[in-house]
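Participant: Letter by letter, the chains look like this.
Protein chains: 4
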Amino acid sequence: MRVLITGFEPFGDEAINPAWEAVKRLPDTISGASIVKLLVPTAFGACGAILYEALERHAPDAIVGVGQAGGRCDLSVERVAINVADGRIPDNEGRLPVDEPIQPDGPAAYFSTLPIKAIVARVRRRGVPASVSNSAGTYVCNYLMYLALHAVATGRPGTGPGTLAGFVHVPYLPAQAVDKPATTPTMPVETMAAALEAAVEAIVEPGGATTAPEGTIC
Amino acid sequence: MRVLITGFEPFGDEAINPAWEAVKRLPDTISGASIVKLLVPTAFGACGAILYEALERHAPDAIVGVGQAGGRCDLSVERVAINVADGRIPDNEGRLPVDEPIQPDGPAAYFSTLPIKAIVARVRRRGVPASVSNSAGTYVCNYLMYLALHAVATGRPGTGPGTLAGFVHVPYLPAQAVDKPATTPTMPVETMAAALEAAVEAIVEPGGATTAPEGTIC
Amino acid sequence: MRVLITGFEPFGDEAINPAWEAVKRLPDTISGASIVKLLVPTAFGACGAILYEALERHAPDAIVGVGQAGGRCDLSVERVAINVADGRIPDNEGRLPVDEPIQPDGPAAYFSTLPIKAIVARVRRRGVPASVSNSAGTYVCNYLMYLALHAVATGRPGTGPGTLAGFVHVPYLPAQAVDKPATTPTMPVETMAAALEAAVEAIVEPGGATTAPEGTIC
Amino acid sequence: MRVLITGFEPFGDEAINPAWEAVKRLPDTISGASIVKLLVPTAFGACGAILYEALERHAPDAIVGVGQAGGRCDLSVERVAINVADGRIPDNEGRLPVDEPIQPDGPAAYFSTLPIKAIVARVRRRGVPASVSNSAGTYVCNYLMYLALHAVATGRPGTGPGTLAGFVHVPYLPAQAVDKPATTPTMPVETMAAALEAAVEAIVEPGGATTAPEGTIC
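Protein chains in written order, with the numbering used here: chain E, 1 to 218; chain X, 1 to 218; chain C, 1 to 218; chain D, 1 to 218.
None of these hints come from the bench; they were simulated from the model.
It is possible that part of the hints are untrue.
[What the hints assert, rightly or not] Simulated pairs of lysine to any residue, SDA-like, Cα-Cα distance not exceeding 25 Å:
(1) E:K37 to E:V204
(2) X:K24 to X:E56
(3) X:K180 to C:D105
(4) E:K180 to C:A182
(5) E:K180 to X:K24
(6) E:K37 to E:G155
(7) E:K180 to C:D13
(8) E:K37 to E:A153
(9) D:K24 to D:R125
(10) X:K180 to D:F11
All chains should be modelled from the sequences, with the hints used to inform the complete structure.
Facilitator: See below:
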């Protein structure tokens with residue numbers, strides 16, 4: 001089994017992106033699956049092109065995007081990607097889409113095909129807080145998650161009907177928060193890497209696709 | 001023009017629901033549009049039946065669901081409803097769906113057809129904080145929003161191709177928070193009603209469907 | 001009985017200060033006590049001079065300072081003022097004290113002599129969230145609270161041994177938050193004024209000085 | 001030089017206390033100073049007795065209390081301890097003081113005599129978020145901090161006029177938050193231990209007592 005894990009380049013005012021820092025620390029093999037690590041630009045368009053190339057080259061069984069969600073406390077396992085790009089700041093190539101569809105002919109949304117509840121359970125058992133998130137935002141993270149699921153749904157080269165895809169968000173690193181307000185939550189890279197490793201285990205080991213109440217009450 | 005505005009009954013540990021409290025205080029006419037106010041049960045299934053009846057009876061031009069989102073600070077204008085019901089506590093009829101599709105044959109999501117950015121702008125001009133939200137959760141609020149948009153998409157009686165539909169969330173009332181932690185944000189019912197009135201104005205007055213960067217950066 | 005209530009002028013990037021907006025809406029009499037409303041500059045030094053003049057002129061039975069605490073959700077009834085001025089931004093006269101004592105010969109702190117737990121209870125009964133706060137900060141609010149208690153402790157003209165003094169903080173107004181993050185809590189001025197009126201009732205009506213567990217667990 | 005560092009036992013619903021977990025991982029020597037680690041009970045009264053014994057036995061040059069502040073994000077360096085005990089839940093011996101003075105004849109407060117701003121700066125340079133906190137609460141942490149400073153002020157055996165004393169708070173550990181809301185911030189024990197080590201360096205190395213604007217604006 002082969003798992004493609006992507007991590008974004010730094011964006012906005014940040015000099016570092018915890019997603020890529022954590023991804024690059026992962027071992028090359030997890031539970032017998034080989035791990036392919038891919039650095040992707042934080043840019044609409046460009047990150048998709050890099051993803052498509054990697055799909056063709058590696059034909060992964062699962063695609064796990066990882067991105068920074070400044071302000072969150074835990075490993076957020078995304079449930080759904082929506083067909084919209086709506087930024088608040090320009091991406092790393094200066095593009096600032098507002099209310100644009102990602103794929104004009106694509107569906108309104110794709111649900112993650114990763115075992116999201118099993119990932120949450122496994123990461124928690126590893127001692128790291130995790131939860132299902134119902135929004136991956138509308139920036140480049142959601143964009144890449146949507147594109148990965150659309151690639152599978154439309155049978156792009158390197159994917160098959162059983163290719164799993166999804167996305168997780170990680171908090172700021174401690175070093176990113178030293179000049180931010182005292183209420184900024186963080187997670188060190190070692191903790192993130194441990195959480196990601198547990199997440200991959202939940203994906204590649206059989207029996208992972210459990211379900212459990214993780215819903216909201218609003 | 002006729003606008004159907006729904007508000008939920010209290011649920012969980014609450015004795016009051018700010019959504020219905022605010023809805024019932026709305027005037028009967030806003031910017032020339034007649035306002036139909038509908039109390040709906042906080043119950044999967046039942047709230048849909050009540051909605052369908054009201055659609056048939058009133059054939060509204062726009063459907064605006066309103067629900068409580070305890071913990072939020074502002075009027076949250078929902079962008080999207082997703083095809084999943086996943087509760088954390090049972091609804092008012094004791095039902096606790098976990099990861100169930102709302103409509104097994106429905107699309108993964110529907111985008112609000114209300115002018116969400118124009119609503120946000122109008123409510124802010126009224127002096128009340130408002131923002132676009134990218135998740136209506138997975139409980140009865142998201143359920144009702146999904147059903148309303150699905151009703152329009154599938155041409156249920158009382159709807160037409162131009163029927164608008166969407167959802168907004170409101171915070172707790174101050175009285176709901178007196179026994180909650182000091183960090184619980186609230187909004188009085190008069191402020192909510194003013195915000196909802198501004199929201200309806202943005203829906204019924206021409207030129208409302210503006211767009212603007214309101215996106216996220218994760 | 002006479003109660004002196006102070007409210008600050010706007011400071012920082014704000015064009016309005018909710019404290020003064022709420023204070024000026026108070027009635028002239030509450031539970032038989034006459035209310036003297038005093039606008040004070042948000043400036044170390046200057047606000048004290050104005051306070052001292054008002055003490056001499058009005059010889060109040062109780063002094064209640066009111067200030068803006070952006071980010072808080074409820075009426076925060078301050079327990080203690082500490083003998084330090086430590087700003088993060090200059091005050092309205094350009095002064096930015098860092099770790100300076102307010103009164104070089106004064107004690108490290110003064111406890112509020114208002115019935116803080118009774119105020120919290122009374123405000124909550126009015127339906128408005130309130131709590132005891134253990135820090136009034138280190139800016140002009142804490143400064144004024146310290147000076148008021150020091151004035152009483154040192155027998156400044158217009159005070160007597162039974163003169164009560166303390167401070168409460170109020171959140172942002174909704175209009176202040178329309179351009180702030182969606183997670184900014186607010187309280188409308190009418191709600192603040194109702195809370196302040198309940199607070200004054202708790203001060204002037206006999207039997208107010210109750211105690212109850214409102215403490216922290218850290 | 002000798003530094004006494006205390007960490008509390010678990011309390012409330014917790015099975016572990018991050019304070020002690022971090023303290024016990026510290027090296028025995030930091031910047032040439034010998035480190036004495038002391039586990040203290042989370043109990044009013046009892047923790048003081050243990051502290052006094054340790055003062056007599058070790059005659060430390062500096063006393064650094066460490067406690068859990070669930071909900072905080074960073075290393076909080078406390079500025080002040082106040083003369084009040086006001087719990088919300090009973091301590092580990094079942095005692096729940098409400099608005100009681102810690103020392104009936106003691107001053108209203110003691111300021112930390114540790115170089116708090118230098119500690120914050122040093123911890124941040126280590127890449128860990130830190131800030132000055134203006135409230136150590138009213139529970140056992142504030143109690144122990146007050147007692148330590150009172151011990152020095154009153155010349156208890158084992159202290160001298162130059163004995164430094166203060167307190168820092170640490171967040172929850174990740175493992176404590178896996179069953180808490182997704183918005184619960186955490187810090188791993190390794191990060192805490194690194195921060196505490198940097199804090200001790202700031203205390204024992206000359207030139208530490210810097211000052212800088214770290215104040216509040218409320």
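Participant: Could you check the structure against the hints above and give me the numbers of any it violates, in ascending order?
Facilitator: 3, 5
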